[in-house]
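Undergrad: Mind docking chain L with the ligand on chain U? Use the hints.
From first to last, the protein sequence lines stand for chains U and L.
Per the working numbering, residue 184 is the first one in the first sequence, and the count goes up by one each step.
Per the working numbering, residue 719 is the first one in the second sequence, and the count goes up by one each step.
Hints may contain errors.
Below 30 Å or equal to it, Euclidean Cα-Cα: the simulated DSBU-like pairs (lysine-lysine) are [claimed, not checked]: (1) 366/U x 270/U; (2) 243/U x 980/L; (3) 971/L x 902/L; (4) 809/L x 983/L; (5) 776/L x 809/L; (6) 243/U x 983/L; (7) 971/L x 243/U; (8) 381/U x 334/U; (9) 283/U x 270/U.
A few chain U residues that face chain L, going by a derived Cβ cut-off under 10 Å, partial list only [as the list claims (entries may be wrong)]: (10) 207; (11) 209; (12) 249; (13) 250; (14) 251; (15) 253; (16) 254; (17) 256; (18) 257; (19) 260.
Honestly, the hints are just simulated from the structure, not real lab data.
Glycine included, every Cβ here is placed at the ideal spot set by N, Cα and C.
For reference, the chains in residue letters:
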Amino acid sequence: MNHSDNGGETMIDVNEITQQMSDLDEAALLQSLAEVINAGPESALAALQACQAGLEQVGKRFETQEYFLSDLIYAGELMTDAAALLKPALAEAGTATLGKLVICTVKGDIHDIGKNIVVTMLGAAGFDVIDLGVDVAPEVIVQTAIDNDVKIIGLSSVLTLAVDSIQATVDAFVAAGLRDQVKIIIGGNPVSATVCEKTGADAWAHNPQDGVTICRGWAS
Amino acid sequence: MIIIGEKINGTIPSTGVAIASRDSAFIADLAVRQSEAGADFIDVCASTAPEVEVEALKWLIDIVQSVTDVPISIDSPNPHAIKAVFTDIEKPGLINSVSLEADKTEVLFPLIADTEWQVVALLCDNNGIPQTSEQRLEIARQTIDCAVGYGIAPSRLHIDPLVISLSTDQTSMTKFIHCCQEIKSWYPEIHITSGLSNISFGLPLRKSINQSFLVLAMGAGMDSAIMDPLDRDMLATLLGTDALLENDRYCRKYTTAYRQGKIGKSKN
Ligand code: B12
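Extracted from the complex, chain U is given alone in its bound form (with noise of 0.2 Å):
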């Protein structure tokens, strides 16, 4: 147990929750995010903090063999419901509200599991996210920045080939006149400072945490 000496503070296991979230231990997470819950908002992010830790133990052990596809997909669908039951507290614990943002997976790419960790991260951070799913084609990414004055746009891109597609948003958005106004941020196991600079982006990440700290810059 991680005792705080704070003595506002809750005391919560955090290395705990990682192992939980780890071990795709459902029950035992689910009742640890309900612990931290009911002592108070304060220890929220740390909490999801933890559960990401633990997200990304899945991911190794999936590199590893251990874990299978289904697995996977397991771990996404927890850290989606674990960010669900922990966003009330962490807007209670006074998050900022830093406005909106656009995100997907570009056109001819399905692979969610990545965008919608990333989506659940931006989310505790306190961004109003429009998730347009998966396989979004570049007009309608622009038109929905236009229509919710959106400023900040994340890109989400596994396939190799879906670069391209990166390239076409990019080239999208300067085509309509709108390049100098958003922030395009770009993310993905293909994606590179290569890549960011190739195609035009503002920025990439491959650490989603990292992706917030820039989302996060971006909007204030």
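TA: Relative to chain U, chain L with the ligand alone:
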């Protein structure tokens, strides 16, 4: 899927010897290994001479209860033997079995009326195992009505439609499927079970027939089986089939059993 672990049965030669020589370590090991493999009930069948059966059952029950929390399936053709050891069993388990033969239901149904005990009901009567599905279904009707009359809900029944070996009855599987589907349509909550290895009696490569039977029977609604949970191939077939039938969220039971080395290539 409910697994009734069948290993502690005196008709299996090694177990028979262990019972005769009161080899408690042997019995304890079978109980523990079946529990670890995921058995939901541990079947206990002495198969000794009638005059020493009760004593043997009590000895078996004591051992099993001392090493596992998995409930017992008390197995004897003699309802009076079951009644005699009933109070020795600490937690509600499974009576294996009743049928409409002689006084079985009269002896055993009152015993479990106001309990959480479950019961296996074989579809036969004083005339033996009926030929047609219609006759079996008629027996199923009577058995269920009788149980309900004692306040035993259908959800506590494991109906065993009885499998005749395929080698002697070509329609054995199709009859079983018909009975399964029909009974489930009356009471979706009722369990259908089977001591399935009988299907392959008299044929080569029995394991292959047993596995195919398991798949087809589960597809028809069988959700309980009296089987050897230590048979890795059988267990893999069972878990895989359960996942295919949407009974295993995110294939968790299947992948977990694999990770734990219960199915797939043996890790030791
Ligand atoms: C799960 C999966 C699938 C699932 C997807 C289910 C779903 N709902 O997403 C299914 C089975 C449907 C699938 C289909 C396909 N897949 Co697939 N799939 C995978 C797999 C196994 C895991 C991907 C995953 O979810 N990873 C876990 C998440 C958490 O990681 P992530 O996506 O990288 O996201 C993290 C970061 O990148 C970052 N991030 C992600 N997006 C963003 C966005 C922003 C803004 C930010 C800041 C950060 C960020 O944060 C996330 C959280 O940490 C990978 C193999 C692997 N081991 O990675 C192959 C893989 C991605 N698939 C692959 C392929 C080829 C396909 C198919 C084309 C196969 C086929 N022939 O049909 C189809 C794709 C169809 C299509 N049009 O998209 C290839 C891609 C090869 C390549 N380099 O292009 C891979 C690498 C497998 C392989 N080795 O061949 N797949």
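Undergrad: Now tell me if each hint is right for this structure.
TA: Going through the hints against the structure:
Between residue 366/U and residue 270/U, the direct Cα distance comes to roughly 26 Å. Compliance with the 30 Å bound is thereby established for this hinted pair. A distance of roughly 23 Å separates the Cα atoms of residue 243/U and residue 980/L; the hinted pair therefore holds under the 30 Å criterion. Straight-line distance between C-alpha atoms of residue 971/L and residue 902/L comes to about 24 Å, which keeps the hinted pair within the 30 Å bound. Simply put, residue 809/L and residue 983/L have alpha-carbon atoms about 35 Å apart, too far for the 30 Å limit, and the pair is violated.
Among the hinted pairs, residue 776/L with residue 809/L is consistent with the structure: their alpha-carbon atoms are about 15 Å apart, no more than 30 Å. The suggested pairing of residue 243/U with residue 983/L holds, with an alpha-carbon distance near 23 Å, which does not exceed 30 Å. Note on residue 971/L and residue 243/U: the hinted pairing holds, with a Cα-Cα distance of about 21 Å set against a maximum of 30 Å. Proximity of residue 381/U to residue 334/U is assessed by CA-CA distance (about 21 Å); at most 30 Å being required, the pair is judged to hold.
The suggested pairing of residue 283/U with residue 270/U holds, with an alpha-carbon distance near 17 Å, which does not exceed 30 Å. Below 10 Å, beta-carbon pairs count as interface contacts, and residue 207/U has one with chain L at about 7 Å; its hint therefore holds. Using the Cβ-Cβ criterion of 10 Å, the hint placing residue 209/U at the interface with chain L is satisfied: the shortest such distance is roughly 9 Å. The closest approach between the C-beta of residue 249/U and any C-beta of chain L is roughly 6 Å, which is under the 10 Å cut-off, so the hint is satisfied.
For residue 250/U, the shortest C-beta to C-beta distance to chain L is roughly 7 Å, which falls under 10 Å, so the interface hint holds. At about 5 Å, the closest approach between the beta carbon of residue 251/U and any beta carbon in chain L falls short of 10 Å, and the interface hint on this residue holds. Given the 10 Å rule on beta carbons, the hint for residue 253/U holds: about 4 Å separates it from the nearest Cβ of chain L. For residue 254/U, the shortest C-beta to C-beta distance to chain L is roughly 6 Å, which falls under 10 Å, so the interface hint holds.
With 10 Å as the threshold, the beta carbon of residue 256/U comes within range of chain L, its nearest partner Cβ sitting at about 6 Å, so the hint holds. At a threshold of 10 Å, the smallest CB-CB gap from residue 257/U to chain L is about 4 Å, leaving the interface hint in force. Interface restraint check: residue 260/U against chain L, minimum CB-CB distance 8 Å, threshold 10 Å, status holds.
The structure does not agree with numbered hint 4 stated previously, though it agrees with all others.
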